[in-house]
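Q: Per the numbering used here, residue 3 is the first one in the sequence shown, and the count goes up by one each step.
Read the hints as simulated data drawn from the structure, not as lab findings.
Idealized CB from N, CA, C, for every residue including glycine.
Hints may contain errors.
[As the list claims (entries may be wrong)] With beta-carbon atoms standing in for the labels, derived distance ranges:
hint	residue 1	residue 2	range
1	Gly33	Asp58	35 to 45 Å
2	Ser77	Leu102	48 to 58 Å
3	Asp53	Ala26	34 to 44 Å
4	Val89	Ala26	54 to 64 Å
5	Gly33	Leu100	47 to 57 Å
6	Leu68	Glu91	51 to 61 Å
7	Ile88	Ala26	46 to 56 Å
8	Pro98	Lys54	52 to 62 Å
9	Trp29	Phe73	57 to 67 Å
10	Ala26	Val57	46 to 56 Å
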Amino acid sequence: MGRLLSSYKMYVFIALGIIAALGALWWSLSGETPTNSLLTTQSANGGVPGDKELVDTLLQLRAVSLSGTIFLDPSFMILRDFGTQIVPEPVGRPNPFLPLTSRPTSTKAAGTLLFTPPRR
Numbered sequence: 003m004g005r006l007l008s009s010y011k012m013y014v015f016i017a018l019g020i021i022a023a024l025g026a027l028w029w030s031l032s033g034e035t036p037t038n039s040l041l042t043t044q045s046a047n048g049g050v051p052g053d054k055e056l057v058d059t060l061l062q063l064r065a066v067s068l069s070g071t072i073f074l075d076p077s078f079m080i081l082r083d084f085g086t087q088i089v090p091e092p093v094g095r096p097n098p099f100l101p102l103t104s105r106p107t108s109t110k111a112a113g114t115l116l117f118t119p120p121r122r
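Can you build the whole structure from these sequences, using the hints too?
A: Shown next, in the form of structure tokens:
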């Protein structure tokens with residue numbers, strides 16, 4: 003039985019390869035054609051058709067005036083910030099990737115070193 007499978011193994015792999023190649027060929031050839039053309043049309047006045055709406059919107063935005071009176075409104079003044087305060091932390095070493103120095107740091111017990119100098 004095992005000998006039968008080993009003799010047909012190569013044929014099975016070749017058949018799977020042909021099926022995969024035919025599937026890839028069919029998929030690549032039957033793809034949808036792009037609906038957008040690389041060419042664009044221009045209107046008679048020389049602009050792109052969507053420019054008029056954009057210009058109208060920009061003209062409406064130009065008419066908007068912003069003043070600071072909203073910040074003086076009592077309803078704005080009663081708003082509170084419920085954000086978390088950021089507590090300042092001590093700054094670490096300038097380059098944390100450098101090896102630790104051989105500077106001894108003593109603990110509460112006299113004579114005990116946390117870092118010992120490297121042996122040479």
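Q: Is the gap between the beta carbons of Leu68 and Glu91 within 51 to 61 Å?
A: 38 Å, violated
Q: Per the hint of 57 to 67 Å, is the separation of the Cβ atoms of Trp29 and Phe73 within bounds?
A: With Cβ atoms ~60 Å apart, the hint holds.
Q: Indicate whether the distance between the beta carbons of Ala26 and Val57 respects the range 46 to 56 Å.
A: 48 Å, holds
Q: Range hint 54 to 64 Å: satisfied by the CB atoms of Val89 and Ala26?
A: 59 Å, holds
Q: Are Gly33 and Asp58 spaced within 35 to 45 Å by their CB atoms?
A: 38 Å, holds
Q: Check the following: the C-beta atoms of Pro98 and Lys54 are separated by a distance inside 52 to 62 Å.
A: 58 Å, holds
Q: Between the beta carbons of Ile88 and Ala26, is the distance compatible with 46 to 56 Å?
A: 55 Å, holds
Q: Starting from the hint 48 to 58 Å, judge whether the C-beta atoms of Ser77 and Leu102 obey it.
A: This hint holds: roughly 56 Å between Cβ atoms.
Q: Note whether the CB distance of Asp53 and Ala26 lies within 34 to 44 Å or breaks it.
A: 43 Å, holds
Q: Given a hint of 47 to 57 Å, does the C-beta separation of Gly33 and Leu100 actually sit inside it?
A: For Gly33 and Leu100 the Cβ distance comes to about 56 Å; the hint holds.
Hint compliance for this structure: hint 6 is the single one not met.
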